[in-house]
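4 protein chains.
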Amino acid sequence: MKPIITAELEIVALGTGSTSMSPYISEAVRAIENLGIKYQLTPMGTVIEVSSVDEAFNTAKAAHEAVMKKGAKRVVIHLTIDDRKDAPKDMDEKIESVESKI
Amino acid sequence: MKPIITAELEIVALGTGSTSMSPYISEAVRAIENLGIKYQLTPMGTVIEVSSVDEAFNTAKAAHEAVMKKGAKRVVIHLTIDDRKDAPKDMDEKIESVESKI
Amino acid sequence: MKPIITAELEIVALGTGSTSMSPYISEAVRAIENLGIKYQLTPMGTVIEVSSVDEAFNTAKAAHEAVMKKGAKRVVIHLTIDDRKDAPKDMDEKIESVESKI
Amino acid sequence: MKPIITAELEIVALGTGSTSMSPYISEAVRAIENLGIKYQLTPMGTVIEVSSVDEAFNTAKAAHEAVMKKGAKRVVIHLTIDDRKDAPKDMDEKIESVESKI
Chain A
1 MKPIITAELE
11 IVALGTGSTS
21 MSPYISEAVR
31 AIENLGIKYQ
41 LTPMGTVIEV
51 SSVDEAFNTA
61 KAAHEAVMKK
71 GAKRVVIHLT
81 IDDRKDAPKD
91 MDEKIESVES
101 KI
Chain B
1 MKPIITAELE
11 IVALGTGSTS
21 MSPYISEAVR
31 AIENLGIKYQ
41 LTPMGTVIEV
51 SSVDEAFNTA
61 KAAHEAVMKK
71 GAKRVVIHLT
81 IDDRKDAPKD
91 MDEKIESVES
101 KI
Chain C
1 MKPIITAELE
11 IVALGTGSTS
21 MSPYISEAVR
31 AIENLGIKYQ
41 LTPMGTVIEV
51 SSVDEAFNTA
61 KAAHEAVMKK
71 GAKRVVIHLT
81 IDDRKDAPKD
91 MDEKIESVES
101 KI
Chain D
1 MKPIITAELE
11 IVALGTGSTS
21 MSPYISEAVR
31 AIENLGIKYQ
41 LTPMGTVIEV
51 SSVDEAFNTA
61 KAAHEAVMKK
71 GAKRVVIHLT
81 IDDRKDAPKD
91 MDEKIESVES
101 KI
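Chains as they are written, first to last, in this note's numbering: chain A, 1 to 102; chain B, 1 to 102; chain C, 1 to 102; chain D, 1 to 102.
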């Protein structure tokens with residue numbers, strides 16, 4: 001079995017004076033793209049598919065730095081990592097697994 | 001402006017003896033469907049689009065009850081609610097807002 | 001067994017122009033106090049102890065409304081609910097359970 | 001200003017057959033202690049105080065590995081990092097900041 005870990009990253013920038021987060025989120029997503037990480041934008045965050053927990057953390061770190069570099073003075077990150085060893089599933093398989101049972 | 005709130009629901013059932021969550025998640029999603037709530041499955045959770053904070057909580061409650069009814073003895077729910085009053089965006093608009101800036 | 005549910009609430013106000021969240025969090029905590037809900041402030045959120053999932057949602061709703069009333073135009077709430085039916089534990093018991101094993 | 005970052009780590013082990021998480025959480029906490037990281041147990045997670053985002057990720061990684069080593073086949077981690085550059089506050093100061101306004 002190939003090692004696959006799915007994770008989700010949600011980032012907010014505080015104290016920016018604007019309620020719009022997309023200028024910051026887009027920087028984070030660009031950083032994720034630059035790492036060559038497979039990702040999927042959702043209305044509430046960015047889901048990534050990586051091959052190790054290290055890679056999940058490295059991706060989150062790059063995203064965080066990109067938001068800071070954009071000028072945010074306070075950034076709150078929520079990172080969720082789902083590490084399943086017995087039967088790893090990629091992003092599509094996880095959705096299919098639920099859909100097939102609805 | 002129409003009131004739109006997006007939220008994400010992530011549910012895990014503990015102590016089931018199985019690492020598979022899809023039997024439980026699918027029950028939660030069915031409960032969300034039964035309420036007529038617009039939703040989108042992601043690899044890490046379920047994003048919903050509602051018209052009030054109350055509706056977000058009611059949806060989460062129905063999902064929680066469905067997972068409990070399926071037999072889980074311990075359920076942990078993560079509910080994220082994004083309530084933007086000045087410029088509410090629906091699920092698609094939130095993604096487009098980021099994509100247009102990448 | 002008495003029904004006990006523990007939950008955690010984390011709230012951020014976006015677009016306020018200030019990186020400080022305490023003016024908003026304190027309003028949320030006051031709302032929780034007004035409901036007579038047992039709570040514990042942590043450096044990252046507010047843990048509450050309630051007797052039902054409904055009560056957890058009602059408490060989160062009151063906290064959310066208090067932050068909105070304070071003037072926030074966009075509020076993001078993270079609510080985590082831990083509902084354990086087979087052996088419910090209160091806030092102190094949950095900590096003791098871990099500490100006794102370290 | 002000294003760099004201080006506060007973070008929260010919540011870990012669940014899935015498919016263990018037991019609703020009790022303390023055998024796993026205690027391993028995670030021991031790993032955090034071994035790193036010499038300042039931490040505070042809460043009823044819903046473990047708050048840590050670190051000096052960089054890297055240290056937050058390294059701590060989460062050590063905790064994750066400890067839970068895996070204990071025998072969990074699927075582990076879901078929720079890591080929240082609050083990185084405030086303009087006026088960093090330690091764990092106690094964050095609580096005082098809210099309490100002083102209630």
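Possibly wrong hints are sitting among the right ones.
Chain copies aren't distinguished; within one or between two, either way the pair holds.
Unchecked claim - In silico DSBU-like links for lysine-lysine, alpha-carbon gap of 35 Å or less: (1) K89 <-> K2; (2) K61 <-> K89; (3) K89 <-> K70; (4) K73 <-> K101; (5) K70 <-> K38.
For the record, the hints were derived by calculation from the structure and aren't laboratory data. Just so it is clear, the structure is predicted and the values come from calculations on it, not from any experiment.
How the hints compare with the structure:
In this assembly of identical chains, K89 and K2 lie within 35 Å of each other by CA distance solely inside one copy; the values are 9 Å within and 38 Å between copies. With identical chains, the CA atoms of K61 and K89 are at most 35 Å apart both within one copy (24 Å) and between copies (21 Å). Taking the shortest Cα distances, K89 and K70 sit within 35 Å of each other both inside one copy (34 Å) and across copies (22 Å). With identical chains, the CA atoms of K73 and K101 are at most 35 Å apart between copies only, with a shortest distance of 21 Å across copies and 44 Å within one.
In this assembly of identical chains, the alpha carbons of K70 and K38 lie at most 35 Å apart whether taken from the same copy (23 Å) or from different copies (30 Å).
Going through the hint list in order, the structure satisfies each hint without exception.
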